[in-house]
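Colleague: The lines below spell out each chain.
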Amino acid sequence: MSTRYVGARIPRNEDPRLLQGHGLFVDDVRLPGMAHMALLRSPHAHARIRRIDTDRARDAPGVLAVYTHADLGALGNPLPKLIPHPSLVHHKTQYALAPDTVRYAGEPVACVVAESRYAAEDAVDLITVDYEPLPVAATLEQAIAPQAPLVHEDIGTNIAARYAQRVGDVEQAFAAAPHRFRERLVIDRGASCPMETRGVVASWDARAGRLDVWDSTQAPIPIRNGLAAMFGLPQQNVRVVAPDVGGGFGPKIMMFYPEEILVPLAAMRLGRPVKWIEDRRENMVATNQEREQIHDAEIAVDADGRILGVRTVFLYDAGAYIPYGLIVPIVASTTLPGPYRIPNYHCEFTAVFTNKTTVSPYRGAGRPHGVFVMERLLDRVARELRVDRTEVRRRNLIQPDQFPYDVGLIYQDNAPLRYDSGNYPACLDRALEIIQYAEWPARQGTSRSQGRYLGLGVACYVEGTGIGPYEGCRITVEPSGKVFVATGVGTQGQGHMTSFAQIAADALGVAPRDVAVYTGDTGLFNWGTGTFASRAATVAGNAVGLAAQAVREKARVVAAKLLEAPAEEIELEGGRVFVRGVPARSLSLGEVALAANPLRFAMPPEWEGPGLEAIRYFTPSQGTFSNGVHACVVEVDPETGMLTILRYVVVHDCGRVINPTILEGQIHGGVAQGLGGVFWEKLAYDAQAQPLSTTFMDYLIPTSAEVPPFEIDHVETPSPLNPLGVKGAGEAGVIPVAAAVAQAVEDALAPFDVRIAEMPLSPNRLRQLIAEVRRTT
Amino acid sequence: MKPAPFEYFAPRSVGEAVHLLAEHGTEAKVLAGGQSLVPLMNMRLARPSVIVDINRIPGLDYITPGPMLRIGALCRQRTAEKSAEVGARCPLLRDALRLVGHTQIRNRGTVGGSIAHADPAAELTAVLAALGGEVMVQGPKGARAIAASDFFVTYLTTSLASDELLTEVRFPAPPPGAGWSWMEIARRHGDFALVGVGAVLALRDGVIAEARIALTGVGPTPVRAQDAERLLVGQAPSEGLWEEAGAAVRASLEPDGDIHASPEYRTHVAAVLTCRALREALTRVREAS
Amino acid sequence: MALREITLRINDREYRGRAETRKTLADFIREDCALTGTHLGCEHGVCGACTILMNGEAVRSCLLFAVQAEGADLRTVEGLADGEHLHPIQQAFWESHALQCGFCTPGFLMTTLAFLRENPHPTDREIREALAGNLCRCTGYQNIVTAVAAAAEANLSQGWKVPEAKEVRREIRAGDSRDRRTQRAGIAKTKKRRTQRR
Amino acid sequence: MKLEGTNTLPASVNTVWKTINDPEALRRCTPGLKELKEVAPDTYEARLEIGVAAVKGAYTGRLAITDKRPPTHYIITLEGSGGPGFMKGQGTVDLEREGDATLVRWVGDIQIGGLIAGVGQRMIGGIGKMLIGQFFKCLEQTLGGAAPAGGGGPRAGGDAAGSGEVG
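Residue numbers (my numbering), protein chains in the order written: chain H, 1 to 777; chain E, 778 to 1066; chain F, 1067 to 1264; chain L, 1265 to 1431.
Don't read these hints as lab results, they were simulated from the structure. The reader is advised that the hints may include incorrect statements.
[To be verified] For each label pair, taking beta carbons as the anchor points, the in silico distance ranges come out as: (1) E:Glu1016 / H:Arg448: 16 to 26 Å; (2) L:Pro1274 / E:Glu1020: 34 to 44 Å; (3) H:Ser449 / E:Ala920: 26 to 36 Å; (4) L:Ala1304 / H:Asp59: 26 to 36 Å; (5) E:Ala865 / H:Asp388: 50 to 60 Å; (6) L:Ile1339 / H:Thr157: 25 to 35 Å; (7) E:His796 / H:Ala70: 44 to 54 Å; (8) E:Gln1003 / L:Ile1339: 22 to 32 Å; (9) F:Ala1068 / E:Pro842: 56 to 66 Å; (10) L:Ala1304 / H:Pro146: 53 to 63 Å; (11) L:Ala1304 / H:Asp53: 15 to 25 Å; (12) E:Pro842 / H:Pro441: 47 to 57 Å.
[Unchecked claim] A few chain F positions that, by computed beta-carbon distances, are all more than 10 Å from chain E: (13) His1187; (14) Glu1219; (15) Gln1224; (16) Gly1225.
[As the list claims (entries may be wrong)] Heads up, incomplete: computed chain F residues facing chain H, CB under 8 Å, no partners named: (17) His1110; (18) Gln1156; (19) Cys1167; (20) Thr1189.
Here a beta-carbon is modelled for each residue, glycine too, at the ideal position from N, C-alpha and C.
Construct all of the structure, not just a fragment, from the sequences and the given hints.
Modeller: The following block contains the structure:
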């Protein structure tokens, strides 16, 4: 099979629509008679609800309904527990509307449905709630302190889970080690902030008993299955569409958010379509957040800086509820070892409830933490042993001949953490070459003599991607010759309409523009788990490949009969099906599709049914592991603490590349988000766990003026674990950014001997660090 | 995030506008560019029951040169930024305008509106304070001028009476040959500065004849650094002198902190930026001569 | 509830509707005029997704009330392409992979349109500062900057323009430049909204 | 948010004590206080309108005086909730003779929740200080016989003059 398209820079199929404003995002869904929902959210981080008075709201003009927990009936139970884990002893989830206690500022207390969003918000203002404020567990330290206020009184503790994994004999390794270094490393909260907030539209057809839902989600099929179960409907009668989704980045994989139940409920009760669109302020408090962890980490090395052991004991802030289980801290602890040989490793975390917004994976999902800790430890080793920082890394890298490499841990997919392939030294060399590491000391010296403080940083990472359980795909060739691909994953801008089309096009000998890809519509494909963990291209992509192969074989069998030639001599190319070497004896692919679906007469048994169509699934036994190296040059103004990113280099290996343009786009976006979390984006809470950055005026997403140009290069070591040889890339960009920039800032501020042990930074914080060092010396 | 209901008026004359303000008192808000008011209304932090939209009043969008640069209440920030008169007579204002929000904001936002909104982090308030400008206001009892020093009362609050309309802002043009500088530290391009400093320097016979310094982001109003100004006048410019001026600024400030910057940071950076601004202003004096 | 008659032009077509005085221009364009290409990302004037051209200038449509746009001439993303032919800026965005999820894209396109009219030969730094009033969470901006530079090239070679605001204002004042088709569209819109309100 | 300060008031400790326990004086001098209804000794139902300029929040709640040690010490608590969320201010007040004047030492803690906290954080600290300043200014005027500004002065009530036109 030729691969004319896989690997090519094909412009995206989805773009012309989006460029002309013809996309269909949830807020663009307009149905006759549609009503609008607004929610009343708790202003308290922790309070008991004494009384809710909704009378004035019910009487307000244009109001159709007002619901509190008391009105939820059977849906008044805690929302589904998403991912259980044996160590997760207190798997607390929230309610669609709080019954008696609110546990974070922003938790939904009541909702109003009205003729317009304006009227709904007017009515929300008229609801009065009598709260009894309760003591607040605002920070991780507060929450684990003795006598701490309890987020969930009934369980008598704020600790949701404790979990440890180990490799080798860590105590022995540390005891025998000539050098041991300890760091306390803190990463604060951030928000994913897709430009499109969440949104749900639901429409109920009572006669057909049919529920249609448009949901800005990364997991339409699980949402469909859950809704069917909760509302007692046959799955076939519930259709969930994730139309164009304006960015996901993780929090849209969370299910269920309260609104995903409240909107269908209202639509069914009122017999009118209902729309809820999250506004940005809601998005900053009611959409899941991430990143808050505190690591006590220690590394043991020999005299040459070879790693003998690593241990980290860390706190993971779950927020007020923990629907998504332990995925984030498990990913953090299993990403930490990275590309290095670590014979003895101990990781242990405590998942802690606090009175803050619930946490679930956000692009990177714990990976940035693991890499930050590992790379900070290696920087410390380099400094203490006076070994070049890149040399320390090189000495510890897993070598190309050591694959498959078993780290000895269990990964988030409950399978062994076994790296399938890679060439780590090659990536490091290439990155250092591009950033001109050899000339760095000279360049840094020159800039210092001009009074400028430049620093360089380098960080390595390995990313677990493409985990199971499965994804599937149905491919149908229509008599028009057009190819239709339907899969169960949703898409949020990753370009699946193009990369999947490229895969199918190669197999079927058509052009990608003749392949229409449908994602995220449960009416078009019935099985799937969703778009997360950088898995769509790997898992769904390979399912597309398998289905396309099957359709290709079917086309050859059918054409063999029509063209009176053996199937093995039939070729597909340029939209035609012909006998090898005899292009004259040919049919269009559409003609074959038409013939494969006869109206009369017996069908040849070897056709095994009508049409050119196939459904296939790909079920990987384990994940596949991408890797890369980031290198950057930054400048710090020590007087103001301002940081400028001057250069940013990424060398990346995600196996076989389907579309380099799309891949680079994914990396650009990831790095920009990573940079946001390094210097601009911080979710601030006060001592009462009041969120203080609930607008884009205070939560600072970097703009084109802050983000530098990127320099990207690829190394391709195909994965042996799937037919296409691909690995995931969606989260790669964000993962090592904090580690690389931290090292660069320390390098820039070396004359002040500043240490970076936290993220994010800020001008204020950098000034503080410089001043503190000045004071102590 | 939708605004609360309000009654809307679009007067066609200043008189009509003032009449409406007098009639509706503190319940009424004047809408000019709306780039600060409308976000507050969308978030329902501001819920005026009456909006007096002055955008349809003809003849208020002027820029008139003269010893005082006179800018009408409906002159968009973008217009002023691109105006040759502003560039020639008041480059400090032009440079500050370039850092007000983004083009889309300045296309609607007005110079007068920014002054009247009196956000102590807003560049234009400090420019007016530094230059010792004034605003013209129209009330039922007629017109009056209010000096910058009397105009800014505290956060978002001015000495405008509720039945008065700001009709014009007047920026005195610095003496010929004067140098100027606007310096600020903002988290992102286009954000409100954590601290901003505007400075104007004029020299006569090698000594500083006039020095004007005002800061944003360091108090409930724009802050005029008079101690530093006094310290500079009559001295020959030097790095040491800039340091002293910076120290004087540091000593004179008691800013509040927020999630982006502590009082200590603001005070420190105010001093740093003052030095830098004076340095740049002097370079411009020398370029001019 | 204070309702106002509003008549304005969008992409050279006239739209008439009745809206509450508090209704933002962005909501009027999306709901009453059914042009959903203009998006709302923050509703407080930071993200720029709602950027449109009003009388030729880039503005945030979430920071204007529909009543303020009475008689104004607007251009939205739907008014860029010429039938099936993408506008050179759209073409450049497509070829440079300057969009991923596409939600912020209409705002970037409209900002770019106004920017390149004012500054046809921008440097990369100028482009980055001109785009700083629009947030994108997917692309990291690099390909958008490339696209704007490419569009500037195309502009030089093909010399495309947007109608100058003043001409348009004259048309509006004349008030009679609309053809029957758009009149019907206007009336249809009004009817539809009434039935929705009930 | 913790705040503290001292003010000297031109009257004897006893007079000051009377004034700061006088509902009328409290009503007049507490910034933004629109209504004060005594529901029990030292406990009042309060209606407040707090903010600056266009940014106003209407709250209903209570004002209470506790931990009384006449004539030198009490704790005054003002809490309310409303559209923009909730606010709670608590001040410990101690009086001390200073010649024929009285030194007032106060330590205050202000909590703000909901909309204002999330959006207005940039100005809350400064505005809090400002409002407390107005409270004492008003007391001073009351005791010094100068005409007190009604409702804690126009600025506090947010019915502040102007700041209307917005750029």
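Colleague: If a hint holds in the structure, say so; if it doesn't, say that too.
Modeller: Here is how each hint holds up against the structure:
Checking the proposed 16 to 26 Å range against Glu1016 (chain E) and Arg448 (chain H) shows it holds: the Cβ atoms sit about 20 Å from each other. A hinted range of 34 to 44 Å for the beta carbons of Pro1274 (chain L) and Glu1020 (chain E) is consistent with their spacing of about 43 Å. The supplied range of 26 to 36 Å is broken by Ser449 (chain H) and Ala920 (chain E), whose beta-carbon atoms lie about 59 Å from each other. About 32 Å separates the C-beta atoms of Ala1304 (chain L) and Asp59 (chain H), a value consistent with the hinted range of 26 to 36 Å.
The hint said 50 to 60 Å for the Cβ distance between Ala865 (chain E) and Asp388 (chain H), and at roughly 56 Å that hint holds. Remark: the range hint 25 to 35 Å for Ile1339 (chain L) to Thr157 (chain H) is upheld by a beta-carbon distance near 34 Å. For His796 (chain E) and Ala70 (chain H), the hinted distance range of 44 to 54 Å is satisfied, since their beta carbons lie about 51 Å from each other. For the pair Gln1003 (chain E) and Ile1339 (chain L), the supplied restraint of 22 to 32 Å is violated, since their beta-carbon distance comes to about 40 Å.
The hinted range of 56 to 66 Å is not satisfied by Ala1068 (chain F) and Pro842 (chain E), whose Cβ atoms lie roughly 42 Å apart. Against the hinted window of 53 to 63 Å, the Cβ-Cβ separation of Ala1304 (chain L) and Pro146 (chain H) comes to about 37 Å, which falls outside the hint. Hint check: Ala1304 (chain L) to Asp53 (chain H), Cβ distance near 23 Å, so the stated range 15 to 25 Å holds. Look at Pro842 (chain E) against Pro441 (chain H): about 55 Å separates their beta carbons, and that is inside 47 to 57 Å.
Separation of His1187 (chain F) from chain E is adequate, the least Cβ-Cβ distance of about 17 Å exceeding the 10 Å criterion. For Glu1219 (chain F), the condition that its CB be more than 10 Å from all CB atoms of chain E holds, with the nearest at approximately 22 Å. Once the 10 Å rule is applied to beta carbons, Gln1224 (chain F) is consistent with being away from chain E; the minimum gap is 24 Å. Non-interface status of Gly1225 (chain F) relative to chain E is upheld: no Cβ of that chain comes within 10 Å, the nearest being about 23 Å off.
At about 6 Å, the closest approach between the beta carbon of His1110 (chain F) and any beta carbon in chain H falls short of 8 Å, and the interface hint on this residue holds. The beta carbon of Gln1156 (chain F) comes within 4 Å of a beta carbon in chain H, closer than 8 Å, and the hint placing it at the interface holds. A cut of 8 Å between beta carbons decides the hint on Cys1167 (chain F): the least distance to chain H is about 3 Å, and the hint holds. The restraint placing Thr1189 (chain F) at the interface with chain H is violated, with a minimum CB-CB distance near 13 Å, outside the 8 Å limit.
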